[in-house]
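Asks: Protein chains in written order, with the working numbering: chain A, 1 to 92; chain B, 1 to 394; chain C, 1 to 206.
Fair warning: there could be bad hints in the mix.
Claimed, not checked - To give an idea of the chain A side of the interface with chain B (calculated C-beta under 7 angstroms), a few residues:
(1) Gly-14
(2) Leu-28
(3) Gly-31
As the list claims (entries may be wrong) - A few chain B residues that don't get close to chain C, going by computed Cβ distances all over 10 angstroms:
(4) Ala-47
(5) Arg-131
(6) Asp-228
(7) Cys-304
(8) Pro-388
Hints are computed from structural coordinates only; laboratory data are not their basis.
Don't be surprised by glycine CBs; every beta carbon is placed ideally from N, CA and C.
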Amino acid sequence: MSDRLRVDPIGCQGHGVCAELLPEAIALDEGGYPLLAAGALPDDLRRPARRAVAACPARALHLDRAADSGRSAGRQTPPGVLTGNAQGGLAQ
Amino acid sequence: MSAPPITRGLLGTGHPSLGAHLAAHGPLPTHGDPVLAAAGLTGRGGAGFPTARKLASVRDAARAARTPAVVVGNGGEGEPAAAKDATLLARSPHLVLDVLALAARAVGADTVVLAAGHHQLAGLDRALAERGDRGRVRLVGLADRFLAGEETALVAAVEGGPPLPRGKNPPVWQRGVQGRPTLVQNVETLARLALLARGESAAGHTLVTRHGHTVDVAEVPLGARLGDVLTVDAGVQAVLVGGYHGSWLPAHVAAGATLDRDGLAVHGAALGAGVLAALPADRCGLRESATVVGYLAAQSAGQCGPCLNGLPRIAAALDRLARPGPPPAGLLDDVARWSGLVVGRGACSHPDGSVRFVASALRVFAPELAAHAAGWCTASSSARPFLPVPAVTR
Amino acid sequence: MTALTDGAFLWYLNRATGLVSLLLMTATVVLGVAVQRQVRLPGLPRFGVVGLHRNVSLVSAVLLVVHVVSAVVDSYVSIGWLDTVVPFVSGYEPFWVGLGTLAVDLTALVVVTSLLRGRLPARVWRGVHWTSYALWPLAFLHGLGAGTDLGSGWVLAGALACAAAVAVASTVAATGRLRSRPPLERAPAALAAVSAGPSPAPFRNR
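From just these sequences and the hints, can you work out the full model?
Replies: In structure tokens, the structure reads:
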């Protein structure tokens with residue numbers, strides 16, 4: 001039973017409130033849009049995460065109760081890592 | 001010289017009339033479960049999802065929601081380099097129309113839509129009239145945009161709005177047109193199902209659009225050697241596989257690759273929209289790629305911040321790299337950083353696919369990059385562009 | 001007859017809470033536009049602007065409740081409990097009080113939908129929140145017509161300053177919205193901006 005943060009990319013307008021309230025799990029890229037830390041949300045961050053979800057002016061941040069871990073929600077890649085090959089094949 | 005492609009019937013009749021269709025294929029059987037017939041068939045729209053499973057998902061979702069489903073035939077070939085769906089709809093519309101009704105019965109749909117480019121609607125309307133199906137299938141004309149055939153953008157267009165993707169959650173087979181479970185199926189997949197329902201084997205072939213000295217659409221067996229399907233000789237420097245969300249392969253790698261999921265995945269490529277383009281040796285691969293990326297950036301739906309910010313910057317960088325002369329310091333690093341910042345952060349896979357194309361171009365045309373940095377371009381032909389890229393209008 | 005039900009006390013309470021509530025409503029509108037336009041207020045983090053907007057609006061709503069209750073409890077004017085939600089039926093100044101009642105109804109709707117925001121469809125919340133632009137004019141006109149203070153002197157000057165603030169904020173919000181491009185036009189504009197000069201400001205998806 002793990003919680004995962006999820007950003008609705010169409011609704012998100014880069015207010016940046018979430019990154020202020022949950023810096024342990026959310027950073028802002030150079031355009032001001034959120035980057036989520038990969039993996040499940042640690043339990044001790046659940047309350048500030050809920051606060052961040054409630055504070056988003058665009059209501060674009062969501063906290064999902066994922067019953068199974070290891071889903072594709074953690075596909076935020078850290079900046080600077082080129083992952084152009086989204087098919088999972090070997091990059092040459 | 002490449003071996004002639006085998007024609008298995010998708011393009012064989014050539015004449016789009018109902019009479020020619022029935023003469024070539026016979027009537028569609030009324031019995032039989034399309035879900036069973038679809039065993040072994042994977043989608044030809046680019047994702048390659050098992051068709052039987054998709055049919056079953058829509059059917060089950062419709063039952064669970066106690067609402068009729070919707071069937072949408074996707075002829076929205078937004079890929080400029082691809083012509084297979086358009087050719088299929090022009091030559092064998094009745095194969096597609098056969099299966100629309102069949103699929104509707106299979107998933108419990110009361111609404112059937114066929115979406116295609118505006119210029120194709122007249123021919124499709126004639127075909128519908130021949131069958132007496134005008135009232136049963138609604139034709140929807142699609143805007144000439146790259147993302148017009150994206151599943152959720154297609155649903156938006158069918159509902160009468162602008163072709164804007166809506167995100168993968170909830171999936172269209174759960175909530176699509178008017179919130180109802182919707183089957184979105186590429187027209188080639190539908191046509192293959194029409195042959196499978198007749199007991200013919202069709203799941204083992206696929207349509208490709210070949211760009212070489214000429215441009216044509218051919219039906220080839222899955223697993224064929226790419227070099228047998230497309231001329232990859234000394235006059236070819238690289239092959240674009242899949243389309244503008246696909247990957248460049250060096251010529252020697254491409255020639256030996258097999259045209260199926262695993263055979264291409266080994267080289268970091270996929271069938272995608274079925275485009276196979278053999279770039280002549282006298283062209284500049286960077287210039288061709290930069291033009292494509294400029295188009296892809298302009299075709300972003302503009303809804304998601306990362307894509308809207310990343311793709312234009314990447315396109316401008318590619319444009320700079322395509323010109324001979326030393327590039328600004330760190331430009332390649334910038335491209336890598338911007339690319340990493342768009343993957344997985346949009347509502348659709350447009351940024352992901354575009355970045356895949358860019359990465360493969362920078363990989364395969366690395367020698368050209370070095371030449372440009374030294375101040376010259378290896379291309380000897382200033383001929384018109386090889387890859388078809390519509391002019392950026394809006 | 002306790003001090004709390006003394007007529008003069010209730011009347012002063014009613015006037016005071018009415019004026020302060022109007023002032024706080026002004027601040028709420030200005031802060032709301034600041035949030036929407038992603039304007040930074042000096043010294044405040046972004047969640048501070050968001051939090052201030054919400055908290056100020058809630059305080060204003062609480063004061064509004066006191067304002068309404070004090071009017072009903074005060075036997076000097078014939079305003080009953082029904083008049084707090086149904087407009088234009090009060091004994092005293094039905095039209096002007098009615099405007100106030102409308103403002104109360106709208107406030108209740110905005111506050112309730114905002115508290116339940118996570119559970120409501122986004123469209124519903126947004127539609128109701130848009131009506132909050134009507135709140136300030138209703139409250140102001142109500143104060144002018146049903147009240148005794150707004151009409152003259154300093155209080156009027158203050159009220160006009162508040163009106164100006166709300167007008168400016170609303171204009172900023174409206175022009176921002178008018179200036180935003182439809183989605184399909186944003187990417188070509190971004191491309192043009194990037195080709196024109198290096199590292200332009202981030203592009204906004206709205």
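Asks: Each hint: holds or not?
Replies: Evaluation of the provided hints:
Checking Gly-14/A against chain B: minimum C-beta separation of about 5 angstroms stays under 7 angstroms; hint holds. For Leu-28/A, the suggested interface contact is broken, since its CB lies about 10 angstroms from the closest CB of chain B, more than 7 angstroms. At about 4 angstroms, the closest approach between the beta carbon of Gly-31/A and any beta carbon in chain B falls short of 7 angstroms, and the interface hint on this residue holds. With a least beta-carbon separation of about 23 angstroms from chain C, Ala-47/B lies farther than 10 angstroms from that chain, consistent with its non-interface assignment.
Remark: the non-interface label on Arg-131/B is consistent with the geometry, its nearest Cβ contact in chain C lying 35 angstroms away (cut-off 10 angstroms). The claim that Asp-228/B is not at the interface with chain C holds, since no C-beta of that chain comes within 10 angstroms of its own (minimum 39 angstroms). Its beta-carbon lying about 6 angstroms from the closest one in chain C, Cys-304/B breaks the requirement of being farther than 10 angstroms from that chain. Distance check on Pro-388/B: its Cβ is at least 19 angstroms (rounded) from any Cβ of chain C, clearing the 10 angstroms threshold; non-interface status holds.
When held up to the earlier numbered hints, the structure conflicts with 2, 7 and fits the remainder.
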